[in-house]
Structure formats: structure tokens, C-alpha cells
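Each chain, letter by letter, is given below.
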Amino acid sequence: MNHWIIAPIVLPALVAPLIVLALRYDLLLQRVASLAACAGLLGLAVGLIAMAGEGPPQAYLLGDWPAPFGIVLVLDRLSAMMVLLTALLGLGVAGYAAGSGWDTRGRHFHALLQFQLMGLCGAFLTGDLFNLFVFFEVLLIASYGLMLHGGGAARLKAGVHYIVANLAGSTLFLFAVGAIYAATGTLNMADLAVKAGSATAENADLLRVGGLLLLAVFALKAALVPLHFWLPTAYAAAPAPSAALFAVMTKVGAYSVLRVYTLIFGAEAGSSAWLAADWLIPAALVTLAVGAVGVLGARRLGALVCFSVVASMGTVMAGVGLFTERSAAAAMFYMAHSTLAAAALFLIVELVSERRTRGDRIAPAPQMRHGELVGGFFMVAAIAMAGLPPLGGFLGKLMVLDAARADPAVWWIWAVVLTGSLVMVVGFARAGSVLFWRVEGEPAEGLSKPANAPLWATGAALAALAALTVWAGPVTGYMEAAAAQLHAPQDYVDAVLGAQTVAARALP
Amino acid sequence: MELLVATAIGALTASGVYLILRLRSFPVVIGTAMLSYAVNTFLFATGRLAVNQPPILGASAAGVVDPIPQALVLTAIVISFGMTALIVMLMLRAYLETSDDAVNLDPEDRP
Numbered sequence: 001m002n003h004w005i006i007a008p009i010v011l012p013a014l015v016a017p018l019i020v021l022a023l024r025y026d027l028l029l030q031r032v033a034s035l036a037a038c039a040g041l042l043g044l045a046v047g048l049i050a051m052a053g054e055g056p057p058q059a060y061l062l063g064d065w066p067a068p069f070g071i072v073l074v075l076d077r078l079s080a081m082m083v084l085l086t087a088l089l090g091l092g093v094a095g096y097a098a099g100s101g102w103d104t105r106g107r108h109f110h111a112l113l114q115f116q117l118m119g120l121c122g123a124f125l126t127g128d129l130f131n132l133f134v135f136f137e138v139l140l141i142a143s144y145g146l147m148l149h150g151g152g153a154a155r156l157k158a159g160v161h162y163i164v165a166n167l168a169g170s171t172l173f174l175f176a177v178g179a180i181y182a183a184t185g186t187l188n189m190a191d192l193a194v195k196a197g198s199a200t201a202e203n204a205d206l207l208r209v210g211g212l213l214l215l216a217v218f219a220l221k222a223a224l225v226p227l228h229f230w231l232p233t234a235y236a237a238a239p240a241p242s243a244a245l246f247a248v249m250t251k252v253g254a255y256s257v258l259r260v261y262t263l264i265f266g267a268e269a270g271s272s273a274w275l276a277a278d279w280l281i282p283a284a285l286v287t288l289a290v291g292a293v294g295v296l297g298a299r300r301l302g303a304l305v306c307f308s309v310v311a312s313m314g315t316v317m318a319g320v321g322l323f324t325e326r327s328a329a330a331a332m333f334y335m336a337h338s339t340l341a342a343a344a345l346f347l348i349v350e351l352v353s354e355r356r357t358r359g360d361r362i363a364p365a366p367q368m369r370h371g372e373l374v375g376g377f378f379m380v381a382a383i384a385m386a387g388l389p390p391l392g393g394f395l396g397k398l399m400v401l402d403a404a405r406a407d408p409a410v411w412w413i414w415a416v417v418l419t420g421s422l423v424m425v426v427g428f429a430r431a432g433s434v435l436f437w438r439v440e441g442e443p444a445e446g447l448s449k450p451a452n453a454p455l456w457a458t459g460a461a462l463a464a465l466a467a468l469t470v471w472a473g474p475v476t477g478y479m480e481a482a483a484a485q486l487h488a489p490q491d492y493v494d495a496v497l498g499a500q501t502v503a504a505r506a507l508p
Numbered sequence: 001m002e003l004l005v006a007t008a009i010g011a012l013t014a015s016g017v018y019l020i021l022r023l024r025s026f027p028v029v030i031g032t033a034m035l036s037y038a039v040n041t042f043l044f045a046t047g048r049l050a051v052n053q054p055p056i057l058g059a060s061a062a063g064v065v066d067p068i069p070q071a072l073v074l075t076a077i078v079i080s081f082g083m084t085a086l087i088v089m090l091m092l093r094a095y096l097e098t099s100d101d102a103v104n105l106d107p108e109d110r111p
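Note that the protein sequences, when read in sequence, are chains A and B. Numbering-wise, the working numbering puts 478 at position 478 of the first sequence, and it's gapless, one number per residue. Numbering-wise, the working numbering puts 47 at position 47 of the second sequence, and it's gapless, one number per residue.
There's no promise every hint is true.
Here's a subset of chain B near chain A, in silico, CB distances under 8 angstroms, partners left out [unchecked claim]:
no.	residue
1	T32
2	P69
3	L72
4	T75
5	V103
6	L105
Listing some non-contacts, in silico: residues in chain A with all C-beta distances to chain B over 10 angstroms [what the hints assert, rightly or not]:
no.	residue
7	W4
8	L27
9	W274
10	T357
11	G441
12	E442
13	K449
Facing chain B, a subset of chain A residues (Cβ under 10 angstroms, in silico) [said to hold, decoys possible]:
no.	residue
14	F130
15	E137
16	Y144
17	L148
18	A153
19	L156
20	K157
21	G159
22	I163
23	T171
24	L172
25	F173
26	G178
27	A179
28	G185
No lab work stands behind these hints: they were computed from the structure. As the structure is a computational prediction, the values presented were derived from the model and not from experiment. Where is the CB? At the ideal position from N, CA and C, for every residue including glycine.
The task is simple: from the sequences and hints, build the whole structure.
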């Protein structure tokens, strides 16, 4: 059994209490521990990518209990990729928080960050539906803390909405899990994949109900219309480093849809086969349209970035919802790209709002410090987010459009994705030209001199975007292999249910 | 008994949803608690309802009740209890900082 699979969960789970208990009063040590843990996590993630690339999915049996009775973690190409994305973002966020001094504005930033990373890695690696719920809760509880970090009345009010919406989502998750358990008698995803197809007619109805409730939960996490309403207020009110980390949280919803609706409700599921397909494409297209209109209509840069995240989730889910191998690869590529682009944009919102007298309001204001540099950053990130060449967002959208070719809804998808991109380009151009070119009045003296470290962190995020574009060939190759793995669920089932315990292997 | 449990779950869910949609923070907290009661009862029922059955298979037992939902409910109770504590604290902070327990946002805070 390969013990490295559990390492991305164990490492942050150990570092977080260490930071809270032992390093509580020493911010420098907290920063060192947090950055070291994030760097370690990145190393682990790269190692896992190499291991996952070798071949079939690998299962890890916790406590050596045989599946499906014990808890399993499963490593395949998709989960390794998501862990790597999380680790990259985690390292950037830890660096940004330390460099910009955000971690001094409240307590326990680094501990919460580590708990959030633990929840994210766990959600990506688990092979069990109930543990998916538990890891969702871990990452949500940490995200509540991160969202409210620094306090303030507006943030608290927005936080209440965010928490109540997610509590309702968690309740729905439990209802869904309960219905699925009642229908099949198991919550192990591989075992569910086997049993979903052979359910009796009566149980199959219950299973479908559970499956669609689960889709509602994942849609809430992924901010799909009509469950997107919480995102713009919550992310706009969150501190910049937290919001940048939250860019990967919406992707947890997309990942879960990819995993559950290809593995459990895939081709083999009998009457529940491709359960989500009918619902996802219309929801994704409406999400994209709503996000694009929001980008055009936003009065603050923070809200504009939030709506662009909603729009990008629309594109991702359009790729996911086609449920073909090519569309899954396209969705994965766009997912990785839009996560990095959204994180960079959230950091840019902070760069802008602390340099201008009018904050991030899209209205004329005096010249800001480092105006050219921040404006350049904004342009690159906006190009990435809107999906213009030469950056990878263009490639991602092109791949989604290309994958949609065989679908009956192809004209709808092409029309909405292309029009949405155009509207987003107009929205970003309008915001950028007002923010960086319409300079009015004398530079104010009242603003304190901003630190330089956040500029480096933002630059690093944009460099990662550029790297993703330059190495798009190998990356898409990996993602096509991941998508092929996703559409061969039998290998996953064999890996989990065929996994031998150490005790069984020790016997002659 | 099925009717009783089903009605209880339905009533708890309905009142929970109604209370969550209120504009004051106290009903919202009670609403989330109601919803978590409803879901915990529901999880119990997923292992099929049985009275006076042991959760452990033994030679002398006439039958058994599924133990997994009980373990799931235990986890769900712990999590929902923690969440209720968190949201109470948060609502209190929001009330103390804004001296107003309304849940809706001010118009200028909207994006």
C-alpha cells in the first residue's frame, strides 16, 4: 500500500494544530511553519502526479480495513491534478498573506489556511461519499474563519449569508447521502458504482432522487445558477488572500460532479445513467450568461471579479456537463487555468483598492502608485479570464467549444460561450480603462505606502498562468489521460474493491 | 411508526426552511437547528426503522438493525452542533458590531 496517498491530508492536519498550540504567539514562526508546510505539500503533490501518471488508480485503505467496509482514499490522475492545483494556490496565498501583512489583521490565519488545505486535499482524494461530506465540512469551517478574517461589519453580514447558505447545502448533502445509502446500503463510491446498475426499480427511484439532490449540493458549491447568489457577496467581502484561495473552492463542486456522475451515475448505472447530463448544460449556460452580464454591470472591481468567477464556472460546467472524454479534458484544462486567473484577479483587486482613494469602485480617482504595473497585471489577468489569445483561457474555451461539436445543443453552447466571452471582454475593458486611465484630481497623501511583496505574489500567479499556456501541450496530454481514466470507471472499481489489505498479503 | 417519523421529518424541515428565510438572526439560528434535527432523524431512518433490535450481529439475536446510519448520525450531530455554536457566535458578533440583528445587507454593501 502506498502511504504517500494520505500524506497531503496528514501534513496540513499536523501543521495546523502545531501553529495554533505551539506557535500561537510568534507570528514569524507561524509564517515559517505555514510556508514550509505549503512547500512540502507542493512537493507531495508533484510526487503524487508522478505516481498517478504511472497507471491505474491506486487505493489506500485506512487502518487496513478491506473496502468497502473501511474508509478508502483513491489517487488517480484527476485527484492528483486537483491536489497540485490546491498546493500551488496554498503556497501563493501563504506567501501573499505573510508579505502583505494580512495575517496580522486577525488571529490564526495560517492555522485556518492549513485546515482549509487539509479539507481540500481530503475532498479530492476520498473515495467515500460520506467522507466527501466530512471533508466539505472541514474546508467550509476553515473557510468561514478565513472569510471573516480581519472582521468588520460588512464582512460579518456577508459572512452570515455565506454560512447560512452553506449550512443549508450541508443539510441537503446529508439528505442526499441518506437517500443513496437507503437505496444501495453503501457509501463507498466504487461499491456504489457496482450497485447503482443493479438496483431494483423501487430503489433506483430513491437513488435517482439522492443523485439529483447531490447535484444540487455540488451546484451550490460550484455557484451554478440558480444557486450562485451567495458567491458575489461572500467573495467580494472576503480578504484578498482568502478570496484567492476560495477560487479553488468552487472547483471542488466541479470536481465532485466530474467524479460522482461519471463513476456512480455513469454509463453502467442502468436507469440512473448520466443522471446529471440533462440538467448541467442548461444550468451552465445560464450561469455563464449571468456571470457575463454581472461583469458588465458591476460597480466595484471586487464584484466584477466575483461575477467573472461565476461565468468561468459556467464554462467549466458546460465542459463537464457534456460528459465525453474530450469535454472532460477541456473542462479540466479550463478549470486549472480559470482557478489561477481568478486567484490573480482577487489579488489585483486588493492591489488596486489599497492604492486608490476610492478603493475598488469603478469610478475616476487620482493617479495610483505603481499604476502602470498594476494596470499591466490587470490586463494580463483579464485576458486570461475572458479567454482571449495568447493565454490558456483561449485554448480552454476552444477545447470546450470543440468538444461540444457532436452535442445536439452545440449551437446553444457556441452562442452562449462566444457571446459571453465578448460581453466579458467589454466589461473588463470598461473597468480597466476607468480604473487605470481616467485619472482625476491630485494624488492623495492620506494612503499609506503599500508593501511590494503583494506585487511579487500577483506576478507569480500570472507567471503560473503563462507557464500553463507555454506547457499547454504536455498538460493537456496529462488531462486527456485523466479524462480517459475517468471514463473507464471499471479500473477505479477494481483498484478499490480489489485492493488487498496488508494483513491479507502477509498470509501465505 | 413510519408515518410518525416521516411526518416529524417533514414538519421539522418545513419549519426549518421557513425560519431560515426570516430576516432576523434568531429565527435563522433556530431554523438551521431544526434542519439539522430533521436530517439526523432522516439519516436514522435510512437504515430502515426497527424497534428493540441490537446493532450487533450475534447468535442469540433475532434480528439486527443497521449500525452504519447510527455512526453517520453521530458524525452529523457533532458537525451540526459545532456549526450551530459557530453561527450563534457569528450572529452575536454581527449584532454587537452593527447593533442590528437584521440578516439582510445594506444597499451599498451589495455588489
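Review point. Can you name, in rising order, the numbers of the hints this structure does not satisfy?
Key: none
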